[in-house]
Each structure stands twice: as structure tokens, then as C-alpha cells.
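A.B. asks: For chain D, the structure is supplied; the task is to place chain X on it using the hints.
In the order they appear, the protein sequences are chains D and X.
Residue numbering for the first sequence follows my numbering, starting at 7 and increasing by one per position.
Residue numbering for the second sequence follows my numbering, starting at 18 and increasing by one per position.
A few of these clues could be false.
[To be verified] Simulated DEER-style distance windows between Cβ atoms:
id, chain 1, residue 1, chain 2, residue 2, range
1, D, Leu91, X, Ala21, 29 to 39 Å
2, D, Thr94, X, Glu110, 41 to 51 Å
3, D, Thr39, X, Tyr29, 38 to 48 Å
4, D, Thr42, X, Ser40, 20 to 30 Å
5, X, Ala48, D, Asn166, 30 to 40 Å
6, D, Gly92, X, Leu112, 44 to 54 Å
7, D, Asp56, X, Pro116, 41 to 51 Å
8, D, Ala153, X, Tyr29, 15 to 25 Å
Because the hints were derived from the structure by calculation, they are not lab data.
By construction, the Cβ of each residue, glycine as well, lies at the ideal position given by its N, Cα and C atoms.
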Amino acid sequence: MPMNGRLLRPRASGGFHPEAQDWRNRVVANGGTASTTTVKAVSDFCRRIDAAGIRSIFYRLNLFCGNSDASLNAVRTPLYRGPSLGGTQYGGTTDTNVSFVQGDYSEIGGGLTGNGINKSLQTGVRPDQLPVGFEANAHLAVYQRTAGNSQALISSYYYNTVTTTDRHNYELAQANGTLGREIGAAGPTGVAHPRFLLTTRSSSTSLFTYINGTAGAEQMAAVAGVATGIPFIVFARNLVTGNPPAAGLYVPTFHTSSSLGGYSIGASMSPSQAAAYTAAMQAFQTALSRNV
Amino acid sequence: MTLADIALPITYEWGVQNALLFSPALAQRLAELHSQYGRPDCIAMPVPLTDGRLMLTADILTATEPGGWLHEMWIHADMEVLLPRVEVIPWAEALALLPAESP
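Next up, chain D with everything else stripped away, as it sits in the complex:
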């Protein structure tokens, strides 16, 4: 008697990490799809993050994966929207698409590619709505596959044109990170792409930028940052200027033409936590043939 096909066919939800399954469910609800191979890679990522004990550090994380569809529904569905699956969630249910089209995305061996002109993703995540103290306890990370132009990768940028102490910038632009103020930390030089950029501030006097797990020099200049209401944008800079800058009025600018494989926003990381996150991210990108 032949085997029952239902017994041989793998269950779609079998064995995946709960957050990976939740992500897949949201992708489908949003009108996208994700292959079993992709969901497994996401599941493995979630398990590595859990094993490292760093899940609660993340306020938002998107791995830019899932099948390409005409509205980029899968790509815009973040994996994490808060420090835990059932806890407080930050930002939009999806990243809002600004001018991207289907042809800008390739899951395997690619990523989502900007044009340096007008394409970006608005996350809806505002520093002033994150846990108190974000301005001195924060990280930003971006997986940058290609160099593109030398412009913003992820950013929230409040800039008083006259008062230098009233400039509160949270940004990764190429190899430099700023968190809470415009005084930044550079990552190590000469690192080829693709590269995983991570900038992390653990106090008002300690800021590091890592590239592929290696830290640049510590930035120890004391800063008095403010968590502003300017939301984070990916592929550009959300900029508000003035003296003082007008509340609520920001303009996307400084767009990148890089190809990106994901981003995150969250709390600060120690060196060992940064190493664990880097390893998990590199393993995920390798699974999607993006680590080349």
C-alpha cells in the first residue's frame, strides 16, 4: 500500500521558531509570501538571537526577505516590532514604501536597492516613543551589500542651524554612526562590502561603530542627547532644520543608492552582544546568498 502523501508532505508550520512563524503569518496577511527555505533561515536567525540572550534589545528589525511581489509586502514586513513578540510594539505594522517598485528587490543574492534620489522606507519609529533613555542607550544596524553613494542608510536627524548643542542625530551613514548628538564614531577603515554596520551607545560618553564585528575607536565625547519626534527612515535621512527646527516637519533627503539586506533599531549592545548579533546576521545573509 503506498504511503499517504499527507504523511510525506512536511507541515508548513513544523519546527519553526514562533517569531518566524508569526512573521510569515503577517507576511501572508499583508499580501506577500515567503518560501519554506526563507522561513527556515528566519527561524534559525531567531534561534541564534534567543541563544545569545539579546532578543529584548531589539525594538524593530527587518531582514528584507520574502518573495518579491508587486507591492513589496513581504519585504516591508518587519520580523521584530518590539522587545518581545507579545509586548509593546513600535512603528508601523509594515515599513511604508516610498517610491520602491518590485524590480528594486531581489531576495536571493540581492536585497532592496535605493536609487540615491527618492526611494526609502519610513518605519514610523520615533525616538521619543521608545523606552526612556534611548538617547544614551541605543543601537542602529544596517546590512549594507553594496557601497552606493556615500549617504544615509538609516536616520532620524534634528538639526538646529544655529545652536550646536541642539542637534540630535541618530544615523548610520556609510562607516560612521551618530547616536543622540552629531558627534559620531567611525568604524574601522578599508572594509570591503558587503558589510554589517552596527553603531551602539551605552552611555553619554561611550559610542562605538562596528563593521562586520570589529569596532572602530570609541567616541568618548560627552553628549547630552534628546530623543526627538523625528521618525527613523531607511535609505535616507529624515531631516528637520531651523532655529529651532519646526516640530513635525521633516523632509527625506540624503538618499542612498546602496543595496541593503536589513536593519535594526534598539538598545545598546556590549561587545559580546554585538558579536553574537553580527554572527546571526551574517549567517542569515549567507543563507540567502547575500554575504558576497
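C.D. replies: Just chain X, lined up with the frame of chain D:
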């Protein structure tokens, strides 16, 4: 050359090599249609040019096809009015009309 002279649908590869130029008035009308028929989590952001017009990369036209995030807006637009009012130029020419992006 205008969109009325272009055979639609276009390919993505053709789209990234060309630009669409149009007036602020037309942009306003399209924004109204999008707010009425489009989805709020997908928006087009035209870039102001030095001559007062607005510009989008032509690959945006791929989003007007069935299933695309601009399709509902597109099918509710008056093509006889819209297509002749959108100029199509090569991307290299459009670059010359872009203001310097302010970081």
C-alpha cells in the same frame, strides 16, 4: 516625448533609464486619486526640479500594472488627460535638472 508616445507596460530596465516630468498641478491630482484609491503604506515621492516641475523615475510605471501598488489609482485616472501631460526624458538629462540634495 510624452507617455502618450510610450508603449505600456514598460520594463523595469527601461524604467530606470528614463524619467517622468510633470507639473505640480498634475501631481496634486494624482495624489488625490491615490488618497482615494491607493494604499496608505505605499506612496510615490516626486522630486522637485530646478525648473519648477516634478520628477519620478520611470520605473514607477511598473507599479501601475495589475497587482501593483499604483494600479487602482492608475485605472481611475483619465488617460487622455494624463498621458500627454507627462514628459519622458532620458535619466541622464533628468540628472541635470535635479537640485543639489541638501544633507
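A.B. asks: Look at each hint and say if it fits the structure.
C.D. replies: Each hint, compared with the structure:
| no. | hint | in the structure |
| --- | --- | --- |
| 1 | Leu91/D to Ala21/X: 29 to 39 Å | violated (51 Å) |
| 2 | Thr94/D to Glu110/X: 41 to 51 Å | holds (49 Å) |
| 3 | Thr39/D to Tyr29/X: 38 to 48 Å | violated (20 Å) |
| 4 | Thr42/D to Ser40/X: 20 to 30 Å | violated (48 Å) |
| 5 | Ala48/X to Asn166/D: 30 to 40 Å | holds (31 Å) |
| 6 | Gly92/D to Leu112/X: 44 to 54 Å | holds (48 Å) |
| 7 | Asp56/D to Pro116/X: 41 to 51 Å | holds (47 Å) |
| 8 | Ala153/D to Tyr29/X: 15 to 25 Å | holds (22 Å) |
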